[in-house]
Amino acid sequence: MERRDFLKNLCWVISAGGIMGGLTADAWATILNKDYDTTKHYYGMGIDIDKCIGCGRCMQACKTENDVPAAPFYFRTWVERYVIKTDNTVYVNTINMESVEMPDVFPEKEVLRSFFVPKLCNQCDHPPCVQVCPVGATFKTDDGVILVDSKRCIGCRYCIQACPYGARYLHPETRVADKCTFCYHRLVKGLLPVCVEVCPKQARVFGDLKSIASPLGRFSRMNKIHVLKPSLNTDPKVYYANLDGEVN
Amino acid sequence: MEAVQRFTELSRQVMGFIYPNEIDIQWSILIVVYPYITGLVAGAFILASLVKVFNVKELQPTYRLAMLTALAFMLIAPLPLQLHLGRPERSYEMFMTPNLTSAMAMFGFVYLWYLMLVLLLEIYFEYRRDMIVWSSETTGLRKWLLKLLSLFSTDISEKAVAFDKKTVKVITIIGIPSAFLLHGYVGFIFGSIKANPWWSSVMMPVVFLFSAIVSGIAMVMLLYMIVKPLLGGKIDMKCLDKVASFLFYAVIVDFSIEVLDFIHRLYESEESIKILSQLVSTKLFMSLVVLQILLGMLLPLFVLAVIKILKLQEEVRKLLYFVCGLLIQLGIFSTRWNVVIGGQLFSKSFRGLTTYKMEMMGIEGFLVALVLLIIPFVILSILLKLLPPWKKEELTGN
Ligand code: SF4
Ligand code: SF4
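Protein sequences appear in the order of chains A and B.
For the first sequence, position 152 matches number 152 in our numbering, and the numbering has no gaps at all.
For the second sequence, position 330 matches number 330 in our numbering, and the numbering has no gaps at all.
Hints are supplied without guarantee of correctness; some may be wrong.
[Stated by the list, open to error] Listed next, with one range per pair, are the computed distances between beta-carbon atoms:
| hint | chain 1 | residue 1 | chain 2 | residue 2 | range |
| --- | --- | --- | --- | --- | --- |
| 1 | A | S114 | B | W113 | 52 to 58 Å |
| 2 | B | F95 | A | T64 | 36 to 42 Å |
| 3 | A | I95 | B | P88 | 34 to 40 Å |
| 4 | B | S381 | A | T64 | 53 to 59 Å |
| 5 | A | T64 | B | W113 | 45 to 51 Å |
| 6 | A | P172 | B | D130 | 50 to 56 Å |
| 7 | B | H264 | A | E246 | 23 to 29 Å |
| 8 | B | L266 | A | K189 | 48 to 54 Å |
| 9 | B | L266 | A | D87 | 45 to 51 Å |
| 10 | A | P172 | B | G140 | 48 to 54 Å |
Worth flagging that the hints you see were computed from the coordinates, not collected in a lab.
The C-beta atom is built at its ideal place from N, Cα and C for all residues, glycine as well.
All chains, please: the whole structure from these sequences, using the hints.
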């Protein structure tokens, strides 16, 4: 038995006879297609750092597709730009955000490495956000995607605190937690997440972990794969190729 | 557009790199108020239980006051949480479909247990006889209120009163672990967030608990010094000295645990050490170093120690106790602030610090928090009217 399951069972035992059947996932059920079989898939994403050119199209497309507020501080996916200089100082910012005072141009001989890192919800296999949600509004589907039931979420923001990757925000209009869903409404129709579709360099690869022949299967065979913050044991399902150790 | 303006304003105060979703702080001043209030409840209750369980005779005059204080604050405790929710109208879901792996889901149950089974029951049995007697002495609304509160019981035979006494004792014994649970649990909510190195610590519940005890004792001490003279009584110096000396020891224990926890956290953190020390030396310097540690702990500790050694005059002692009580409240409030707000000021990228701008008027703003901190005193004054903590003889000093 895994530790998490053990904890879960323990909780059930302690509260024996407690309230039953509360954990149905309404939102998910309503968007599910009839011919779609959740048990046949298990989704993940691959990102090749070397391919990303920081054009930010994925950010734009995601905001449009998923009604993410236009304000410059709500993102389901964003792209970070790293510049590591010869003296080992690191500059990071999020592209398209006129925030932090970061010089735009560095003299070439001072730059050791420079690259872009797309970020999004890692759809963790052991998601702390699901563990902490007091009402079960954040949940994991059978195909491995973490969703938020916006009809149940009470807006306590515990999940935002618990996510180590800053992937969640509180939607200012609906007042509930929101984050990347891998475009679940598209997946059930057999489409790709919109960020994957618009990427001009195919830096993002979407796939099914249950099929070795999927693009993701090939991606992980061809590259050395890393995930973010592995020490936290959240087991992310967003896999990076050519990831630099500076990225966290 | 307002949002964009707010963003530009905030982003100017951000240091280094933070994840873009992190510019807004999620848990505001209301979440600072919440552990502060529950801390007072737990602390006041533990002071009261010193009388009932451990038979500390000198503290007897504070017993009922402490219980009523605990109740007044307990009644308000869920309000800051409720007001803070994005969708407060759904909060009942926490009872209907609690997710059993979530620490927060237990809130309602822990709360109800403590309020219903401990505080209300204990106060009921403590006051039952008096309520019956008082209701026969007065008329009108008060009479009926007292009758209702005593649940229309009429038995004041020796046997019944003896039963009350015993029951109070039993409830207190159950109450002590419950008080520990109530506040330790609040610490657990923070301590179990492993994504946040400022919070993630097994010591968190213990730290919360001991600071709760400190704040509760200090609050009851302050109230005792204010309320008793107001009701025409005289401050019992033996009692006050005893409360102060318990306070002194509690502060010492609390201080050592906090220091230990703090050092341990800094010592153990690896990738976060840089950002945490930056946090402490910049954004939290005032509230952590100055308010919490220097003014809220070391100074009162020093003063209380001086009082103990020097055998000062009564009037001077009273004054100093009062100042210490206030300083300690300030310190404990800062403690809560530093945990809750401090833990959100650094980015989980460990590369930058964000900032918290408290709203004035908004529902999660300063004014609401202030009102939430005042209401318990209003409730307490009503409770004191209805259920006087001291008998007439005690007030006139015989
Ligand atoms: S990245 Fe954050 S929001 Fe996404 S599954 Fe993991 S913990 Fe949850
Ligand atoms: S904000 Fe919503 S989804 Fe997140 S923990 Fe609270 S109830 Fe669950």
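- [ ] Go ahead and decide if the range 48 to 54 Å is satisfied by the Cβ distance of L266/B to K189/A.
- [x] 51 Å, holds
Open item on the list: Does the beta carbon distance between S381/B and T64/A stay inside 53 to 59 Å, or does it fall outside?
Closed with: 56 Å, holds
Open item on the list: Looking only at beta-carbon atoms, does the pair F95/B, T64/A fall within the given range of 36 to 42 Å?
Closed with: 39 Å, holds
Task: Outcome of range test on Cβ distance (S114/A, W113/B; 52 to 58 Å) - done: About 57 Å separates the Cβ atoms of S114/A and W113/B, which means 52 to 58 Å holds.
Task: Distance restraint evaluation - H264/B, E246/A, Cβ atoms, bounds 23 to 29 Å - done: Holds - the Cβ-Cβ distance for H264/B and E246/A, about 28 Å, lies within 23 to 29 Å.
Task: 34 to 40 Å as the expected CB spacing between P88/B and I95/A, which holds or is violated - done: 37 Å, holds
Task: Range agreement (Cβ of D87/A with Cβ of L266/B, hint 45 to 51 Å) - done: Violated, at about 27 Å.
Task: Consistency of beta-carbon spacing, G140/B to P172/A, with hint 48 to 54 Å - done: 52 Å, holds
TODO: With respect to the beta-carbon atoms only, verify the hint that T64/A and W113/B lie 45 to 51 Å apart.
DONE: The hint (45 to 51 Å, Cβ to Cβ) holds, given that T64/A and W113/B are roughly 49 Å apart.
Task: CB-CB spacing for D130/B and P172/A relative to the 50 to 56 Å hint - done: 53 Å, holds
In terms of the numbered hints stated before, the structure departs from hint 9 and from no other.
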